[in-house]
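Q: Sequence:
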Amino acid sequence: MIVASVLASLLFANIAVAGEEGFKLRNGNSGMYLAVLGAVKQNGGNIVQGADVGQPDIVWVFERQEGKAFKIRNGNSGRYLAVVGNSKARGGNIIQWRDVGQPDLIWEREKVEGKGCFKFRNRNSGMYLAVTGNSKAQGANVIQWGDVGQPDLVWCREKVGSSQSNPAAAPSPSTNHKADSDSYKLRNGNSGMYLAVPGAAKQNGGNMVQWADVGQPDLVWVFERQKDKAFKIRNGNSGLYLAVAGNSKAQGGNIIQWLDVGQPDLIWERENAEGRGCSKYRNRNSGMYLAVTGNSKVQGANVIQWGDVGQPDLVWCREKVR
Numbered sequence: 001m002i003v004a005s006v007l008a009s010l011l012f013a014n015i016a017v018a019g020e021e022g023f024k025l026r027n028g029n030s031g032m033y034l035a036v037l038g039a040v041k042q043n044g045g046n047i048v049q050g051a052d053v054g055q056p057d058i059v060w061v062f063e064r065q066e067g068k069a070f071k072i073r074n075g076n077s078g079r080y081l082a083v084v085g086n087s088k089a090r091g092g093n094i095i096q097w098r099d100v101g102q103p104d105l106i107w108e109r110e111k112v113e114g115k116g117c118f119k120f121r122n123r124n125s126g127m128y129l130a131v132t133g134n135s136k137a138q139g140a141n142v143i144q145w146g147d148v149g150q151p152d153l154v155w156c157r158e159k160v161g162s163s164q165s166n167p168a169a170a171p172s173p174s175t176n177h178k179a180d181s182d183s184y185k186l187r188n189g190n191s192g193m194y195l196a197v198p199g200a201a202k203q204n205g206g207n208m209v210q211w212a213d214v215g216q217p218d219l220v221w222v223f224e225r226q227k228d229k230a231f232k233i234r235n236g237n238s239g240l241y242l243a244v245a246g247n248s249k250a251q252g253g254n255i256i257q258w259l260d261v262g263q264p265d266l267i268w269e270r271e272n273a274e275g276r277g278c279s280k281y282r283n284r285n286s287g288m289y290l291a292v293t294g295n296s297k298v299q300g301a302n303v304i305q306w307g308d309v310g311q312p313d314l315v316w317c318r319e320k321v322r
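Residue numbers for the sequence shown follow the numbering used here, beginning at 1 and rising by one.
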């Protein structure tokens, strides 16, 4: 217990130096907290909402900038709250990234009703920190969105004490893959962008987005055949599998990569769609389809699961990799 206490104090010392204070950011709609999926520490770690179980990644430090603005640094990783690709588009995905002077790291606070409650507007995009679909579900993805009065734009700061828990080490990706089949890139039929992992991350919880093909290895996917004509879809770069955050069955559930420990959300079924090699991919666990937030055609748009109402972003076309 003494060792754990010392380690916790050292961790907090890293996030609260020179008079800095750490805060948790609670969503006014869901009651969940702004978190880094899997408590990862690298660039591109996805931002979600999660319950407070004492994990260090829900602590944030506000670094004051000019004009009453802030950079918001994660106390666990030292990375900053950012928008994928500096996007200005509605639905742009929120991640953590190191500070290299990019404009999307700057956030402005707008006071709202409630003690310590604010809306956080990205100075670069003019969009607000929001939760996909106003979701109240644990693991729901955090994005930027316009302000139309929705309650999920409200975040309430809760000052934290000096004790934080250490993050659990993530398991290493399994290398016991089934010998199979061919490798493919998955091109979205609506946007022409490819299913990708930001920053070619190799850790559990790496987020899925759509991205242009510039030869990066994280665009390659291997289809592992299961029973009943279903598949597990493994990233050729990381060795991790296409999954739904938290095994969620909810519309808008975030798509990530994760180690195969037998969870049901790793199973995908293909449904033929118009176009050579084109299909819709239905998650067997949720019944939802692999989709792009808001039918977006923008590079860096987040990949989620969604119901099929005929939208074009549900179509993905396999391109064989030689």
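Hint data in this document are derived by calculation from the structure and do not stem from the laboratory.
For each residue, glycine too, the CB sits at the ideal point set by N, CA and C.
Treat the hints loosely; a few may be bogus.
Straight line, CA to CA, 25 Å or less: simulated DMTMM-like cross-link-like pairs of lysine to aspartate or glutamate [unchecked claim]:
hint	residue 1	residue 2
1	Lys111	Glu63
2	Lys119	Asp182
3	Lys24	Glu224
4	Lys115	Asp182
5	Lys297	Glu274
6	Lys280	Asp182
7	Lys136	Glu110
8	Lys297	Asp308
9	Lys119	Glu108
Restraint-style ranges between C-beta atoms, simulated for each label pair [what the hints assert, rightly or not]:
hint	residue 1	residue 2	range
10	Gly31	Glu271	48 to 56 Å
11	Asn295	Gly31	23 to 31 Å
12	Ala212	Gly277	41 to 49 Å
13	Gly277	Pro151	25 to 33 Å
14	Gln216	Gly116	21 to 29 Å
15	Ala273	Gln216	20 to 28 Å
16	Pro103	Arg225	26 to 34 Å
17	Lys320	Lys249	28 to 36 Å
18	Lys297	Gln102	19 to 27 Å
19	Glu158	Gly78	45 to 53 Å
20	Gln150	Lys320	39 to 47 Å
Q: Each of the hints needs a verdict: does it hold here or not?
A: Going through the hints against the structure:
| no. | hint | in the structure |
| --- | --- | --- |
| 1 | Lys111 x Glu63 | 18 Å, holds |
| 2 | Lys119 x Asp182 | 47 Å, violated |
| 3 | Lys24 x Glu224 | 40 Å, violated |
| 4 | Lys115 x Asp182 | 55 Å, violated |
| 5 | Lys297 x Glu274 | 19 Å, holds |
| 6 | Lys280 x Asp182 | 19 Å, holds |
| 7 | Lys136 x Glu110 | 22 Å, holds |
| 8 | Lys297 x Asp308 | 18 Å, holds |
| 9 | Lys119 x Glu108 | 8 Å, holds |
| 10 | Gly31 x Glu271: 48 to 56 Å | 36 Å, violated |
| 11 | Asn295 x Gly31: 23 to 31 Å | 29 Å, holds |
| 12 | Ala212 x Gly277: 41 to 49 Å | 19 Å, violated |
| 13 | Gly277 x Pro151: 25 to 33 Å | 42 Å, violated |
| 14 | Gln216 x Gly116: 21 to 29 Å | 41 Å, violated |
| 15 | Ala273 x Gln216: 20 to 28 Å | 25 Å, holds |
| 16 | Pro103 x Arg225: 26 to 34 Å | 45 Å, violated |
| 17 | Lys320 x Lys249: 28 to 36 Å | 32 Å, holds |
| 18 | Lys297 x Gln102: 19 to 27 Å | 22 Å, holds |
| 19 | Glu158 x Gly78: 45 to 53 Å | 21 Å, violated |
| 20 | Gln150 x Lys320: 39 to 47 Å | 42 Å, holds |
Of the numbered hints stated above, those contradicted by the structure are hints 2, 3, 4, 10, 12, 13, 14, 16, 19, listed in ascending order.
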